[in-house]
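Engineer: Based on the provided sequences and hints, a complete structural model is requested.
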Amino acid sequence: MDREETLLKIDDLYVKYRTVDDDVYAVNGVDLELKRGEAVGIVGETGAGKTTLALSILGLLPKGVGEVYRGDIYFKGQDLLNTQEKKMREIRGAQISMIFQDPMTSLNPVFTVGDQIAEVLKLHGTKQYAREQENAPKSDRNENKAGMSREAIDARVDEILELVGIESSRKICYPHQLSGGMKQRIVIAMALACEPDLLIADEPTTALDVTIQSQVLAMIDDIQKRYNTSLIMITHDFGVVAETCDKVAIMYAGEIIEYGTLEQIFDRSLPHHPYTVGLFNSIPDLTSDKPRLEPISGLTPDPAHLPEGCYFSPRCPYCTERCTAAAPSVTQLEEGHIVKCHRFSAESGTEGR
Amino acid sequence: MEHRLLEIHDLVKYFPTNAGVVHAVDHVDLAVDAGKTLGVVGESGCGKSTLGRCLLNLIRPTSGQVLFEGQDVLAKKADKKLLKQQMQIIFQDPYSSLDPRKTVFNLIAEPLKINHLCSSKQEMEEKIYRIMETVGLAERLAGSYPHELDGGRRQRIGVARALVMKPKFIVCDEPVSALDVSIQAQILNLMMDIQEELGVAYMFITHDLSVVRHISHSIAVMYLGEVVEQAPKKELFANPKHPYTQALLAAVPVADASRRNRERKLIQGEVTSPIDPKPGCRFYARCPYAEPKCQEPTELRAVGDGHVVRCVRAEEIGS
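Chains A and B are the protein sequences, given in the same order. Using this note's numbering, the first residue of the first sequence is number 1, and each one after it goes up by one. Using this note's numbering, the first residue of the second sequence is number 354, and each one after it goes up by one.
Heads up, a few of these hints could be off.
Below, computed lysine-lysine pairings styled on DSSO-like, alpha-carbon distance capped at 30 Å [said to hold, decoys possible]:
1) A:K290 with B:K389
2) B:K586 with A:K290
3) B:K521 with A:K290
4) B:K434 with B:K389
5) A:K290 with B:K519
6) B:K587 with A:K290
7) A:K9 with A:K63
8) A:K63 with A:K87
9) A:K122 with A:K225
10) B:K429 with B:K389
None of these hints come from the bench; they were simulated from the model. In this text, all values refer to a predicted model and were calculated from it rather than measured experimentally.
Structural biologist: In structure tokens, the structure reads:
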């Protein structure tokens with residue numbers, strides 16, 4: 001399995017939002033590479049720029065407000081930022097699809113869930129169907145938009161519903177007739193209907209109960225492995241990451257401040273970015289007793305007025321003069337484990353924890 | 354010496370709807386000791402918030418008894434004024450539970466004014482600034498409006514509003530669920546410090562088992578309006594007896610890399626309807642251990658020191 005294919009490459013990406021007062025710097029220099037079949041978790045608090053990052057991959061930043069002003073995104077070698085909208089529409093939903101946080105608002109209340117899944121298929125068709133059609137004689141080919149016949153669409157809707165654990169007889173239901181967990185399954189079914197290469201899940205289980213959450217996570221994990229889909233899991237919950245991801249990126253104020261394999265990030269004996277340490281110390285643990293939590297003092301910075309130097313410096317217990325003077329560069333701690341912090345940069349000479 | 358502060362006897366709240374009667378809280382017996390925390394855990398729709406509101410008579414229960422220091426909270430002749438001061442609530446959403454047109458100072462002053470607790474303006478100011486210091490709100494924020502503050506600070510206002518009455522008991526209805534983890538940790542620490550300092554008792558309602566484990570002394574697990582298991586914290590986490598408690602514990606994603614490829618123990622299906630439930634165990638339809646005798650009505654019974662469970666097969670399953 002060496003030399004895996006790189007599916008998505010984000011290169012030094014900067015995104016800002018224009019507002020009446022100031023520009024809001026949501027993403028500030030993100031580098032990320034995703035291989036086929038790999039699952040990467042993006043962890044961060046509110047306002048860290050996780051969702052903005054996802055929206056810029058899909059080209060869904062609000063027009064005239066959100067703007068990528070530096071950097072590149074390559075998907076299968078194709079430059080997504082310079083792709084025409086018409087072409088983007090063919091990619092969205094078919095090759096890259098997204099699961100949004102709130103299943104209650106991401107479904108259309110006046111269409112049945114079956115119709116909503118069918119819509120994706122009408123627009124894009126499935127890969128398997130395209131292959132079958134290619135081999136069929138010309139006279140038998142369907143000539144409608146994505147070339148999928150009604151029967152084929154119906155069959156695929158049934159198949160995908162079964163995959164997400166909903167009886168196909170429920171496809172005539174409207175969203176309000178389903179529970180929250182079932183709605184989220186429908187949203188996932190829509191995202192998976194065309195067998196995308198990349199699935200972006202933005203807090204897919206935050207609105208769900210724990211027992212339903214564990215069902216949905218197990219399902220995402222299973223489907224991801226089965227179809228070798230790449231997954232970007234956006235979440236604030238380390239537990240969710242531990243259940244579904246191979247790689248973890250910790251985001252803070254629009255930067256990836258630490259990146260590594262699941263084992264590297266979760267191994268408390270290895271050195272980590274002070275923010276990562278702070279996050280871990282903030283979560284109450286289900287398996288061990290912590291008499292007191294040790295939260296990070298202060299608040300995440302206002303992205304319209306980011307601090308000088310390292311963005312974490314005002315909250316960092318190890319902050320020195322150097323941290324407020326210059327932004328830290330990327331340091332590799334070990335193979336595949338990188339950190340953006342002055343404490344670990346080569347010229348400092350002192351190895352921190 | 355434990356001192357019983359609050360006792361709940363056979364509390365029932367039914368909501369009649371067109372589709373049938375919703376059994377939101379169904380014959381619940383619980384007790385809270387002075388200065389201690391009772392955690393109430395359950396999934397959405399299990400009746401935990403309704404329970405919290407019934408205790409304060411914010412929702413009038415269908416039947417049952419709530420005794421606060423021996424006084425019946427629900428009785429017509431109850432000293433409502435005194436009870437209001439001694440029993441308070443902190444709501445889940447700091448974004449919608451504060452009046453957007455009031456400043457921080459006025460928000461905290463409101464309960465004092467309504468209850469005529471201050472004889473002079475000076476006394477009120479003193480009280481408000483003292484409580485702001487207790488909950489970690491800087492004095493300069495007194496003139497700010499809620500929209501100018503972040504979620505953590507807003508929730509501190511909620512805590513301050515409850516505390517300014519010097520209550521003995523606070524119902525905390527998911528007070529940290531809407532907050533980021535680092536802010537959540539700050540608020541949890543604050544609440545535990547306040548308890549230590551002022552000896553307040555909490556009923557901490559949440560769906561988050563790790564939070565409940567962190568803050569509670571004893572824990573009650575609710576499912577479809579019923580308490581299915583209750584035990585001291587250590588006992589419950591070390592030795593869960595009810596299949597639902599076990600399923601809940603297994604379902605929580607834990608931040609541990611070795612969990613990535615573990616075998617998952619999932620319970621199937623979703624919470625069944627709380628409308629006119631069948632007699633017998635309400636977890637029957639989802640329970641991996643269900644057998645015919647589970648369809649008969651079940652009672653809570655003791656299985657250990659302070660450990661009660663509503664399951665006929667608890668002994669076989671628990672081990």
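Engineer: Each of the hints needs a verdict: does it hold here or not?
Structural biologist: Against the structure, the hints come out as follows:
Proposed proximity of A:K290 and B:K389 is supported: the alpha carbons are some 18 Å apart, at most 30 Å. Note on B:K586 and A:K290: the hinted pairing holds, with a Cα-Cα distance of about 14 Å set against a maximum of 30 Å. The hinted pair formed by B:K521 and A:K290 meets the criterion: a straight-line CA distance of about 26 Å does not exceed 30 Å. Annotation: proposed proximity of B:K434 to B:K389 holds, straight-line Cα distance about 24 Å (limit 30 Å).
Under the criterion of a C-alpha separation no larger than 30 Å, the hint pairing A:K290 with B:K519 is consistent with the structure, at around 28 Å. Our distance criterion of 30 Å between C-alpha atoms is met by B:K587 and A:K290, whose separation comes to about 13 Å. About 23 Å separates the Cα atoms of A:K9 and A:K63, which keeps this hinted pair within 30 Å; it holds. Among the hinted pairs, A:K63 with A:K87 is consistent with the structure: their alpha-carbon atoms are about 17 Å apart, no more than 30 Å.
Between the alpha carbons of A:K122 and A:K225 the distance comes to roughly 26 Å, so the proposed pair stays at or under 30 Å and holds. Pair hint B:K429 plus B:K389 holds up; C-alpha atoms about 28 Å apart against a cutoff of 30 Å.
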